[in-house]
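We have chain A already, so just place chain B on it with the hints.
Chain by chain, the residues run as shown.
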Amino acid sequence: MVQQKPTQVMNQRDAILRNVRQNQPSASPLPEIRVRWDREDNQMQRFVANIEEAGGTAFIVAHGEVESELAKRFPDPSRLVFNAYEPRLGNVQLHWDQNSRDLIALDVFVCEGLLGVAENGAVYVPESFMVHRAAPFIAQHLVLILERTNIVPTMHEAYARIDIERPGYGVFIAGPSKTADIEQSLVIGAHGPGSLAVAVLSEPA
Amino acid sequence: MDSSLPTLPIVDHPALAHAFNQNEARVDWHDGSLWGIRKKRDKASRSVPEWEALRELASGIKDHALSQLDVYLTQFEERALENGLHVHWAASASEHNRIVHDILTQHQAKRIVKSKSMLTEECHLNPYLEEHGFEVVDTDLGERIVQLKGESPSHIVLPAIHLKKEEIGKLFHEKLGTKPGSSDPQYLTQAARTHLRAKFLSADAAITGVNFAVAETGGFVICTNEGNADLGVHLAPVHIACLGIEKVIPKAAHLGVFVRLLARSATGQAITVYTSHFHRPRPGQTMHLVLVDNGRSTHLGRDDFRNALKCIRCGACMNTCPIYRRSGGHSYSASIPGPIGSILTPGIDLKRYGGLPFASTLCGSCSDVCPVKIDIHTQLYKWRQLVVQSGHVPRPKRWLMGWAGLTFAHARRYRLVGWIARKLLMMLPRWIVYNRLNTWGRARELPAVPKESFQAWYSRNRRKS
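These protein sequences, in sequence, are chains A and B. Per the working numbering: the first sequence = residues 40 to 244. Per the working numbering: the second sequence = residues 13 to 477.
If we strip away everything but chain A, and leave its shape as in the complex, we get:
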């Protein structure tokens, strides 16, 4: 099997770009994004409704109540919980290069979200908040914690607020994982977590 020689590589790239340059149409102007959002004051309601529509649960808590809410939802002490938001509330500590054997045992993963989007219930989590990129996907249950003031109306505001290229990886999470690939029957819990709970902090920490 022949390794692609540098000249071959340049030839492919140059050939493609040359063909593109030759064939592309004359310049078409770039439209400006100016979308009007109906300025209703129910972003929180919308956010919660969309999370529930997607099969997740959302609840509003004061910062001090997070611990008790988590204990209520996950009372079983034998469950392995990694809490990246408040590590002392978990019973296991994972690192960014944790080996996968440890990861698969993870029952509950709790981490903070940077912002939430009202129109679809999505929560943006940059990799620095999740410690290990696989953690939000491999855990059986996911809990995301979000400041109430960080809920924006639409994806436009979200992309305006986030510096999307700062983290090497970031993800909008909008519900527990799911699939409808078997005769269009919705099944919650495909490959990712089977449940999502979003805790919205009513006062900042």
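Be aware that a few hints might be false.
Unchecked claim - Straight-line C-alpha distance at most 16 Å; calculated EDC-like pairs for lysine to aspartate or glutamate:
id : chain 1 : residue 1 : chain 2 : residue 2
1  : B       : K263      : A       : D202
2  : B       : K55       : A       : E92
3  : B       : K263      : A       : E92
It is worth saying that the hints were derived from the structure and are not from the lab.
Chain B alone, transformed into the frame defined by chain A:
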């Protein structure tokens, strides 16, 4: 066109559709499933008051991007290289396969997990890799199902939409050891989850597609509901992301427009469960991008057809198309079926896919639902002209169309033929009228024969002023 590929037979959509239609109940079921998704899309689009403005924006952004594609491609590559990604360029499908092969060999990878990528379907990557001794596991549930069954996906978003749960249950019993006779979707999905978790954990490399590539940042976005793309790439030491060159959009801010349109158009969800943004590999991981041309730069030069490159692969056109709904994705024999497939594939091989633009009533529903405003039904019509001009039309049809052209070209001839036809239809017995050649009459009654033509009636009843 890639000359290293063998000449493939002409796709006979009517014959394949006819075979699909032998089971009317099944067709009704297939039709109903897809129309249900169309209705979900409608509900979602109506919940966004600025929906049409978004479509216009998306269309405009893509038009602009395609008009300066060279600039955006080089910018994308520059940023990605700065971020520590490896960037490869593949002029053809076979080049793409060879590059992926090389990368895998370089990393001594044998076990591969792959999330949904229509591009890799187009390049026939799986059979190529399997031929060369790699294990490739498609991790999207629908794709895994068709992979285990030895079939190709029949829909770009819902690969197994053509299969019933009992068939999947039987398949999983054979291949995954699930309980015989079980068809409960929850149970079967759980079985697949366990089976695929093992694959994620033991993979040497993960291959993904790309939904959007951002020139401004050198990053790219992958949208899934299952989390399979992320599980694959975050656990494997190598991530290979394959994308067609038309996937590049100018700025990160543009993602707001496309992400708002994609899932709503595809399944009626406001957003997919996971919208993942990749800029740099995790420490210790290697990330490769494979940018693929495979006829796209040529298509870019086709004034009438270049709009098809705006496609964001949502599948809305398939969900709404009455032909697709009632003939199934496999009757198109193309990696991308349905209306969008029927305007892309003739560009790749006019002879093989020349029949596909005719697999349409030109109702225009596809163009209505397309989030990026591709003029699909207009292109279908224009492709027909090219197909006929190049002679790739079956002789009986060519003869019939020629005869019809002669008849309609002269008023007196047209009136005479009309008169003869009316007289014959009134005189001839039913069994002659509804003969084998009368394909229209196979499932329909011909309209009632009028006593006289409208022209005759009009001239008789016209009031003399």
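Now for the hints, and whether the structure bears them out:
1. B:K263 x A:D202: Satisfied, since the Cα-Cα distance of roughly 12 Å is no more than 16 Å.
2. B:K55 x A:E92: This hinted pair holds, its Cα atoms lying about 14 Å apart.
3. B:K263 x A:E92: violated (30 Å)
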